[in-house]
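Protein sequence lines, in the order shown, are assigned to chains F and C. For the first sequence, counting from 1, position 24 maps to 24 in our numbering; every step adds exactly one. For the second sequence, counting from 1, position 61 maps to 61 in our numbering; every step adds exactly one.
Please keep in mind that the hints were generated in silico from the structure rather than gathered at the bench. Any given hint could turn out to be false.
[As the list claims (entries may be wrong)] Here are some chain F residues pointing at chain C (derived, C-beta under 8 Å):
#1 Leu33
#2 Asp50
#3 Gly77
Here a beta-carbon is modelled for each residue, glycine too, at the ideal position from N, C-alpha and C.
Residue-level listing of the chains:
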Amino acid sequence: MVNPVLAKEAAPLAQDEAVEKRMVTISVELRCLVCQNESLAASRADLAQDLRREIREQIGQGKSDKEILDFMVGRYGDFVRYRPPLKGTTMLLWFGPFLLLVAGVIGLVLYLRRRGKHIVEARLSAEEQKKAEALLKLGESENRP
Amino acid sequence: MMRYMLPLGIFIVLVAFLAVGLNLNPREVPSPLVGKPAPAFELPQLHAPEAKFAPKDMQGKVWLLNVWASWCVSCRQEHPILVELAKSGIVPIYGLNYKDPRDDALKWLKQFGDPYVLSIADVEGRVGIDYGVYGVPETYVIDKAGVIRYKQIGPVTQDVLEKTILPLVAELNK
Numbered sequence: 001m002v003n004p005v006l007a008k009e010a011a012p013l014a015q016d017e018a019v020e021k022r023m024v025t026i027s028v029e030l031r032c033l034v035c036q037n038e039s040l041a042a043s044r045a046d047l048a049q050d051l052r053r054e055i056r057e058q059i060g061q062g063k064s065d066k067e068i069l070d071f072m073v074g075r076y077g078d079f080v081r082y083r084p085p086l087k088g089t090t091m092l093l094w095f096g097p098f099l100l101l102v103a104g105v106i107g108l109v110l111y112l113r114r115r116g117k118h119i120v121e122a123r124l125s126a127e128e129q130k131k132a133e134a135l136l137k138l139g140e141s142e143n144r145p
Numbered sequence: 001m002m003r004y005m006l007p008l009g010i011f012i013v014l015v016a017f018l019a020v021g022l023n024l025n026p027r028e029v030p031s032p033l034v035g036k037p038a039p040a041f042e043l044p045q046l047h048a049p050e051a052k053f054a055p056k057d058m059q060g061k062v063w064l065l066n067v068w069a070s071w072c073v074s075c076r077q078e079h080p081i082l083v084e085l086a087k088s089g090i091v092p093i094y095g096l097n098y099k100d101p102r103d104d105a106l107k108w109l110k111q112f113g114d115p116y117v118l119s120i121a122d123v124e125g126r127v128g129i130d131y132g133v134y135g136v137p138e139t140y141v142i143d144k145a146g147v148i149r150y151k152q153i154g155p156v157t158q159d160v161l162e163k164t165i166l167p168l169v170a171e172l173n174k
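Let the sequences and hints guide you as you build the complete structure.
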């Protein structure tokens, strides 16, 4: 049985396709704070629907994309953006991976150099040479059709 | 010996990072509103819809704004603590009833007790957006000048109340 009170109605589609398109391009940049690994564009959370409504309205009021993003950041912080701005507190976030990469490359080069010194070319003694040749010959004759 | 020390060192650093990182609550996003004036609004009161409430009515007082809803499960968890706090009379608690049908909200208060001086009805959740609400319950401590001094995301626990909120309220009341 369907409870009419609990059944949620589908969110109304915006009449204006251009507004809808802009709303989507803005909202894929924003994190839904209720389900943090979903974008505002993808989330079905109530808050996400409210915020999409808010974005539509602000587009209707003629606000720029930057103004709308600032509106969101002013309320929910930098975390709401999937591409946080470059500033003091986000330096490590932006450049940390490259630091790790450089450290890894340095480590790898050092390791390969050190290992290079340890490798001694192995030489077979005369007896082992004979044995190996005999084995090779044996293999050849066996493989012949 | 040295060849074991380096991997062990890296491992210990990694464990330390994970120990700190995994113990943080990813839902607690620092609010940019702390230290800023509480956003202005004017909304009807829950019990008397013809009367309005605005944060500027509270100028000169330290108060709590608690965002709640009847559909919010963890609100029940913190509710007894708020009821106790209201009885103590230390600090007035105002409720922001967030995206809630009026009947449900009134029934909920009747059932669990009403710690609020008054509740304000934010049926469409617009004031919630201005306050950066994303996980009810949330509680704001607002000072005499109308500046948000603290935001609790999620239920107020006895621990948070005693260690953070009450000392802050006492300090702001000085």
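These are the hints, each one checked on the structure:
1. About 4 Å separates the beta-carbon of F/Leu33 from the nearest beta-carbon of chain C, less than 8 Å, and the hint is met.
2. For F/Asp50, the interface hint holds, the least distance from its beta-carbon to any beta-carbon of chain C being 5 Å, beneath 8 Å.
3. For F/Gly77, the interface hint holds, the least distance from its beta-carbon to any beta-carbon of chain C being 5 Å, beneath 8 Å.
In summary, the structure agrees with every hint in the numbered list given earlier.
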